[in-house]
Amino acid sequence: MAHLLPNYDEYFIGFKDRSAFSERLRAAGIEARTNALSGHILAINGQIVGGWGRTFRGKKALIDLKLLQKLTAEEKRAVGTAGRRFADFLGLPVQIQ
Numbered sequence: 000m001a002h003l004l005p006n007y008d009e010y011f012i013g014f015k016d017r018s019a020f021s022e023r024l025r026a027a028g029i030e031a032r033t034n035a036l037s038g039h040i041l042a043i044n045g046q047i048v049g050g051w052g053r054t055f056r057g058k059k060a061l062i063d064l065k066l067l068q069k070l071t072a073e074e075k076r077a078v079g080t081a082g083r084r085f086a087d088f089l090g091l092p093v094q095i096q
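Under numbering that gives the first Met the number 0, the first residue of the sequence shown is numbered 0, with each subsequent residue one higher.
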């Protein structure tokens with residue numbers, strides 16, 4: 000399951016020790032303190048895999064992913080599902096880039 004978490008979401012900032020949900024990054028040798036994580040967080044199966052941002056263009060929201068790791072086909076589908084949930088929340092179509 001993928002989640003497009005907003006900045007200041009309790010999942011990310013609510014803990015002093017964030018090591019549990021950055022295991023995937025650490026195992027890949029990726030530093031969790033990076034510009035990709037300076038805003039919104041993309042989490043898949045409870046693990047941070049990158050960040051994201053959104054802009055509005057006309058009557059559509061564009062989601063720009065800042066991936067720190069390559070996603071599997073199943074993970075890409077999960078991100079698409081998260082994008083559709085975000086579109087429902089906004090009441091606008093969403094395009095993931």
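Quick caveat, the hints were computed from the structure, so don't treat them as lab data.
Please note that a few of the clues may not be correct.
[Unchecked claim] Under the rule of at most 27 Å between Cα atoms (straight-line distance), these lysine-lysine pairs were calculated in the BS3-like manner:
hint, residue 1, residue 2
1, Lys58, Lys75
2, Lys59, Lys75
3, Lys58, Lys15
4, Lys59, Lys69
5, Lys75, Lys65
[Stated by the list, open to error] Distance ranges between label pairs, derived from CB positions:
hint, residue 1, residue 2, range
6, Gln94, Glu73, 16 to 26 Å
7, Arg83, Gly38, 14 to 24 Å
8, Pro92, Arg25, 31 to 41 Å
9, Gln96, Thr71, 33 to 43 Å
10, Lys58, Glu30, 19 to 29 Å
11, Tyr7, Phe55, 35 to 45 Å
12, Gly57, Asp16, 16 to 26 Å
13, Lys58, Arg84, 24 to 34 Å
14, Lys59, Phe14, 14 to 24 Å
15, Leu91, Lys15, 14 to 24 Å
16, Phe88, Ile12, 32 to 42 Å
17, Gly52, Ile29, 33 to 43 Å
Keep in mind it's a predicted model, so treat the numbers as computed, not measured.
Think of the CB as a built atom: it goes at the ideal place given N, C-alpha and C, for glycine as much as any other residue.
Here is how each hint holds up against the structure:
For a cut-off of 27 Å, the pair hint linking Lys58 to Lys75 stands: about 24 Å separates their Cα positions. At most 27 Å may separate the alpha-carbon atoms for a hinted pair to count; Lys59 and Lys75 meet this at roughly 20 Å. With a C-alpha separation of about 39 Å, the suggested pairing of Lys58 with Lys15 is violated against the 27 Å cut-off. A hinted pair counts as satisfied when its Cα atoms are at most 27 Å apart, and Lys59 with Lys69 qualifies at roughly 26 Å.
Restraint check for Lys75 and Lys65: satisfied, since their Cα atoms lie roughly 13 Å apart, inside the 27 Å limit. Taken as a hint, the range 16 to 26 Å holds for the pair Gln94 and Glu73, whose Cβ atoms sit roughly 21 Å apart. Range check, Arg83 to Gly38: about 21 Å between beta-carbon atoms, so the 14 to 24 Å window is met. In this structure the hint that Pro92 and Arg25 lie 31 to 41 Å apart at CB holds, the actual value being about 36 Å.
Checked against the hint of 33 to 43 Å, the pair Gln96 and Thr71 fails, with Cβ atoms roughly 19 Å apart. Here the CB-CB span from Lys58 to Glu30 is close to 38 Å, at odds with the stated 19 to 29 Å. Distance hint check: the CB atoms of Tyr7 and Phe55 are about 20 Å apart, inconsistent with the given range 35 to 45 Å. At about 43 Å, the beta-carbon gap between Gly57 and Asp16 misses the expected band of 16 to 26 Å.
The hinted window of 24 to 34 Å between Lys58 and Arg84 is violated, with their beta carbons roughly 18 Å apart. The given range of 14 to 24 Å is broken by Lys59 and Phe14, whose C-beta atoms sit roughly 34 Å from each other. Taken as a hint, the range 14 to 24 Å is violated for the pair Leu91 and Lys15, whose Cβ atoms sit roughly 36 Å apart. Here the CB-CB span from Phe88 to Ile12 is close to 21 Å, at odds with the stated 32 to 42 Å.
Judged by the Cβ atoms, the range 33 to 43 Å given for Gly52 and Ile29 is violated: they are separated by roughly 19 Å.
Consistency note: the structure conflicts with the earlier hints numbered 3, 9, 10, 11, 12, 13, 14, 15, 16 and 17.
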